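Enquirer: Using the sequences and the hints, build the whole thing.
These protein sequence lines are chains A and B, in that order. Residue 211 in the working numbering sits at position 211 of the first sequence, and the numbers go up by one each step. Throughout, the working numbering is defined as the position within the second sequence, counted from one, plus 1000.
Just so you know, the hints here were simulated from the structure itself, not pulled from any lab data. There's no promise every hint is true.
To be verified - Okay, the calculated beta carbon distance ranges per label pair:
{"#": "1", "chain 1": "A", "residue 1": "N56", "chain 2": "B", "residue 2": "R1038", "range": "52 to 62 Å"}
{"#": "2", "chain 1": "B", "residue 1": "V1133", "chain 2": "A", "residue 2": "A152", "range": "12 to 22 Å"}
{"#": "3", "chain 1": "B", "residue 1": "L1151", "chain 2": "A", "residue 2": "T303", "range": "53 to 63 Å"}
{"#": "4", "chain 1": "B", "residue 1": "Q1123", "chain 2": "A", "residue 2": "N56", "range": "25 to 35 Å"}
{"#": "5", "chain 1": "B", "residue 1": "L1306", "chain 2": "A", "residue 2": "A152", "range": "37 to 47 Å"}
{"#": "6", "chain 1": "B", "residue 1": "A1155", "chain 2": "A", "residue 2": "E244", "range": "32 to 42 Å"}
{"#": "7", "chain 1": "A", "residue 1": "E244", "chain 2": "B", "residue 2": "L1151", "range": "44 to 54 Å"}
Here the structure is a predicted model, which is why all the values come from computation and not from measurement. For each residue, glycine too, the CB sits at the ideal point set by N, CA and C.
Number of protein chains: 2
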Amino acid sequence: MLPVVVVHGGAGHIPKDRSEMSTAGVCSAARAGYTILRGGGSSMDAVLEAVSILENNPCFNAGCGSVLNIKGEVEMDAIVMDGLTLGSGAVSAVRNIANPIQLARLVMDKTSHSCLTAEGASQFARSMGVPEVSPESLITEYSHMRWAKNLAPDANPVESQMGKMGTVGAVAVDSEGNIACATSTGGMLNKMEGRVGDTPCIGSGGYADNQVGAVSTTGHGEAIMKVTLARLILFHMEQGQSVEAASDLGLAYMKSRVSGLGGVVSVDPQGRWAARFSSLQMSWAAAQTETLHYGLYVGEHFTQSLG
Amino acid sequence: MLPVVVVHGGAGHIPKDRSEMSTAGVCSAARAGYTILRGGGSSMDAVLEAVSILENNPCFNAGCGSVLNIKGEVEMDAIVMDGLTLGSGAVSAVRNIANPIQLARLVMDKTSHSCLTAEGASQFARSMGVPEVSPESLITEYSHMRWAKNLAPDANPVESQMGKMGTVGAVAVDSEGNIACATSTGGMLNKMEGRVGDTPCIGSGGYADNQVGAVSTTGHGEAIMKVTLARLILFHMEQGQSVEAASDLGLAYMKSRVSGLGGVVSVDPQGRWAARFSSLQMSWAAAQTETLHYGLYVGEHFTQSLG
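Expert: So this is what it looks like as structure tokens:
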């Protein structure tokens, strides 16, 4: 069944006029990741490529298009994890770079640490020659409009959070059986400065282990952290649950125990995969054995040949 | 058996001339936590008090006495978790405050977020009226000497990390059966600016769940993160392992899978507890049923009446 890449573009309620762009975005990211896998590339390279494409797509809440914090600024979190070594790299509250997921990989590859935050992450980016971009280049008209709307006296913050287009992420298994995950986000609309969510937190935003599988998560960050959702789903898989059943068990537990909604993409070492969510929608796509799979609403599963 | 508080002062190799101070420090912290529990106080108040005392003690790597980063500055991480709600609060790379653990609790109690980092955490501290302290007030002669020594051309960074007096933490169960954990650290000697370790990462530096138990960890942060050590031990407890066996299983797995050493204090909902470590030493103390327990080397277990 190997190789496979599965991508998500965030769980939540996606406005109708943006749903086509969102589906097109995850499909193109999954295709790009699959091209790497088909060429014998590694699962790490595949998830990096897929997530970088979603960061560069202004339609998603990561990289360009990130939601704005309370001060109207972009602060981003990202994580990668390598299932062979259990090594990971993450950045939190990082600014002024186009692709936080690539900086997270540099943390993993080039330092003895697992996470760098804020100004320390920026210094590391400069030392690695990562180009700095202007803060404005990451802010879209749409994200600015939503930020301003949410500051208005009659704003309904719950409703505007519902409208968010979430975190992006990917999991993959390559032809050698190595497994990786990557997750990237602008976080939560109108968050406090310096707020760190689940994404860069290992076991919450993602986890990968060649012996068990990998998960990348999206949804209400604080709820995901309460149940360490990615690691929880992998524990269910260790107990013998299928990748789909384990994903559903994790999401159901998060809903019942802490009233949290979200979604995940998951794989097991054999390349079996799942894209599951308890939110209204989650844009997702998977590519395996020359077939592209994708969907947006519960129960939706379209396929298309990649031949 | 309730209530109980268990405290650690860090895993690693503790220089002989500092071992008495270290043991005295954890014993005094456990006594203070137990006084709160005996008076009907909550487990959260007990772990906060115990960890605040360790932060204020220059002998430990947290608060005053924190190890210095590569630039000779103090940046601290801390987390608290409430086993009733699964709510948590954390700060990472925070500067210029005496008690990061108290700021972590304010994040939990006063915001809708779970973690604030760097300058955002400082801004929040100011908004809450937390007094700012001078950077120098957190730096001891000993931590400055070790930092300088480690920069010398003939320095052996592995040896100097070994000499570190680690992270501090506590777990407690109160008379109502509520469970809490708290962990606080200055991190790793000569770390990069902005390095975030396991401590503020839920499931790695600590985890608390009234239905299962609580764990606070210490040791090599990046290894702890690779196996999400706190959550891993609690999964073993969910599978029916005793608090002691689960702690040993978690530590043994970390050693065999990622060659990581460390230590933990753990409790279950009945108030059974363990203080276990794979490092050479860990200063620890526990207080329960009018008895103080403490130790430093493997197999050491002294007791003393609290009556």
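Enquirer: Does the structure break any of the earlier hints, and which numbers would those be?
Expert: 2, 5 and 6
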